[in-house]
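Engineer: Listed in order, the protein sequences are those of chains V and W. With my numbering, the residue at position 134 of the first sequence is 990, and numbering never jumps. With my numbering, the residue at position 61 of the second sequence is 917, and numbering never jumps.
Quick caveat, the hints were computed from the structure, so don't treat them as lab data. As the structure is a prediction and not an experimental result, all values here were calculated from the model. Mixed in with the good hints, there may be bad ones.
Because identical chains share one entry, a pair is satisfied inside a single copy or across any pair of copies.
Claimed, not checked - Derived pair list, reagent style EDC-like, types lysine to aspartate or glutamate, alpha-carbon separation capped at 20 Å:
id: 1; residue 1: K1194; residue 2: D1245
id: 2; residue 1: K1253; residue 2: D1036
id: 3; residue 1: K1123; residue 2: D1022
id: 4; residue 1: K1230; residue 2: D1094
id: 5; residue 1: K1122; residue 2: D1022
Protein chains: 2
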Amino acid sequence: MIEVAIMGHGVVGSGVAEIITTHKRKLFSSIGEEIHIKHILDLREFPDSPLCDRFTKSFEDIINDVEVRVVAEVMGGINPAYDYTKRLLKAGKSVVTSNKELVASKGAELLQIAKENNANFLFEASVGGGIPIIRPLSQCLVANEVKEIAGILNGTTNFILTKMFDEGMDFDAALKLAQDLGFAERNPEADVEGHDACRKICILASLAFGKHVYPDNIHTEGITKITLSDVKYAASNDCVIKLIGDVKVLNDGKMDIFVAPMLINKKSQLANIDNEFNGIMVRGDCTGDVVFYGKGAGSMPTASAVVADIVDCCKHLKARKYLFWADSTNDNIIPYNKSETSVYLRFCAEDPESALIKVKDLFGDIRVLSIENKAENEFAVITPKLSIDKISDCLSKLNNDGVTVLSKIRIGDL
Amino acid sequence: MIEVAIMGHGVVGSGVAEIITTHKRKLFSSIGEEIHIKHILDLREFPDSPLCDRFTKSFEDIINDVEVRVVAEVMGGINPAYDYTKRLLKAGKSVVTSNKELVASKGAELLQIAKENNANFLFEASVGGGIPIIRPLSQCLVANEVKEIAGILNGTTNFILTKMFDEGMDFDAALKLAQDLGFAERNPEADVEGHDACRKICILASLAFGKHVYPDNIHTEGITKITLSDVKYAASNDCVIKLIGDVKVLNDGKMDIFVAPMLINKKSQLANIDNEFNGIMVRGDCTGDVVFYGKGAGSMPTASAVVADIVDCCKHLKARKYLFWADSTNDNIIPYNKSETSVYLRFCAEDPESALIKVKDLFGDIRVLSIENKAENEFAVITPKLSIDKISDCLSKLNNDGVTVLSKIRIGDL
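One chain only, chain V, in its complex shape:
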């Protein structure tokens, strides 16, 4: 019997307890021993829980229990999860977590502590919920040089964008629907502004390239400015718009990493990932494109990934898993204004015809998009591949000519 503890009894934590209880036989046959939940840490009371005798409000009950070998941290947030995780690893206990904020901001340090104490720190559930991605990336694709990872990493924004495309809802209406259906928080900022996706692409980048990528200085753009006009222009170009976390390795070995909405061709595998689903494309030098698809959030999918990590820890009580990345100062990342891309631009101009001529002069080989019933003073184009710097430069030259940029969205080559 292997004693484990669960810190947090919220959406994910209660799912973890449920799966360990209901899937006992399956888990036993995988490990050869029973997993037993000895403690559940939560400040709230759960008198009706079948596990009500396991609850504690004191972390000390867990850290001081020598029998507890594996702990699931599913509280979320940095404090006190960070402090607790550190202490547990230092005590030689393995920790598994679904906490993307913790992994994205403290991963390198915690992996180092785990290594020093011969414990495991696993976090399959921190990216993509129930979609297997951390383990495939670190194990199955180990014989590849990863060239790029691009993912729809946030279900809330993908649900909103899907509703905008499929049902012509505007952003506000789609957000409200997402909130009503429980896919979006009352305060949706972390989702719609891209911060959640940013943490996840940073975790994937750290893992794939071996150096911690901190989210702080990564260009992160959300979807709040996307309009139904953009949706129509995208569709006219056989594209959808998706919020993409993207990291690619440039020829000089530096990383181009950002979160931004992108126009994606409908033929792309990521284009067909709709509603609250997530999808992650890994471009390896040997495998080519490999895509992982599924529910990126939710109690049971996420909890099942946490339990899979618990199982892995139970099988590796003596041996360490080789999941690791080194600390870094993000100095291997190019500034966002050096990033190169085609962009979709939508303009409003007093004199659209002459404005279009100026845009052509500035950007070179553009493609003009057309939709039915477009606003009278509006036009939209797709530029050739240029640096963000160069694009801003060109746009600034239009400023004084009665031309306003209404939208600027990257074109994805995915």
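Dock chain W against the given chain V, drawing on the hints supplied.
Structural biologist: Only chain W this time, still in chain V's reference frame:
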């Protein structure tokens, strides 16, 4: 330094040698030791290979070399791969393979021998080429009861079906193109008759449900009878046709497993997997549907999966991986005629109108399909969900009425 041997220097084997050579640094940083190719077994001569000094024609050089800890079996076929693999495992050497025929027909026995000799027998490359699926299924999804696995497991047939749908080529023309492009063998039977897909779904079923499923008695239908009329009727119903390997667990715990072409709704994640790509959907009770997509064959994708298994063996020289299934007599599988499904039926009749009335009487709540420019005496319907037995029964009753069944294709609920 860990000494390995490669048996076979064909498409996959040469890729394995190349990856170990060119990705030396990446592999070293994962294992902490260098992988060194000591022997390559092949009866042919490769005087121009940079590894020409490692070639041997004698298996005894490998089995008798105590330094060799891990062997990649990439010869294909049952003989002598089966005999060699058995001897290597009995000698305590770990074996990794891309050989789906070997795993599908001898997996249980080889896993048992591996267990007894504290060696590993891994086969990530045997299904889905470079797509991670064996490890995700056995590790990441371990906290799920798998309900169903359905996959496009053969790139050749998927390429042919894609060309039939997208370009209106008939089967023979699409097959010829696949052969010209190197996606199909000169003798394409194993692909187009579904045998290759059958081996792969058997491996996945064995792994997911813990008992060996032997391909011999599994219903296996290929795509040779699919016509452009079927393609048109499918499209009229918002469907594509894909060759699917499918296994699901029924309420009584028995398995419904088969390989057959299926009409799949265009909205399904498997519907958008085109050309030579493979895709595998795993339906877990906790995760919901998870889909894995990528190149299912080819030298480098497959070789990279073999090398990932070599790396895993190198990390587990002392500990066994818990990949295992028990032997079985396929007695947990229902006979195919008990399998339940809706089917698409295309008929030719002397008197189509009265034939349609009879079809309605026999099948109950059918849906009639219509396409432009249909052949005069032809009609097509979709039946309600019935057992294959019941469907055959109904069809036999039409036999004497001047009605001919031109096509019968399952409808997939994927």
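Engineer: Confirm or reject each hint.
Structural biologist: Hints, verified against the model:
Taking CA atoms no more than 20 Å apart as the test, K1194 paired with D1245 passes inside one copy only; the shortest distance there is 6 Å, against 65 Å between copies. Proximity of K1253 and D1036 under a CA criterion of 20 Å is satisfied in neither setting, with 44 Å inside one chain copy and 53 Å between copies. Taking the shortest Cα distances, K1123 and D1022 sit within 20 Å of each other both inside one copy (16 Å) and across copies (12 Å). Taking identical chains as interchangeable, the C-alpha atoms of K1230 and D1094 lie at most 20 Å apart only when both belong to the same chain, with a minimum of 17 Å there against 30 Å between chains.
Taking the shortest Cα distances, K1122 and D1022 sit within 20 Å of each other both inside one copy (13 Å) and across copies (15 Å).
In terms of the numbered hints stated before, the structure departs from hint 2 and from no other.
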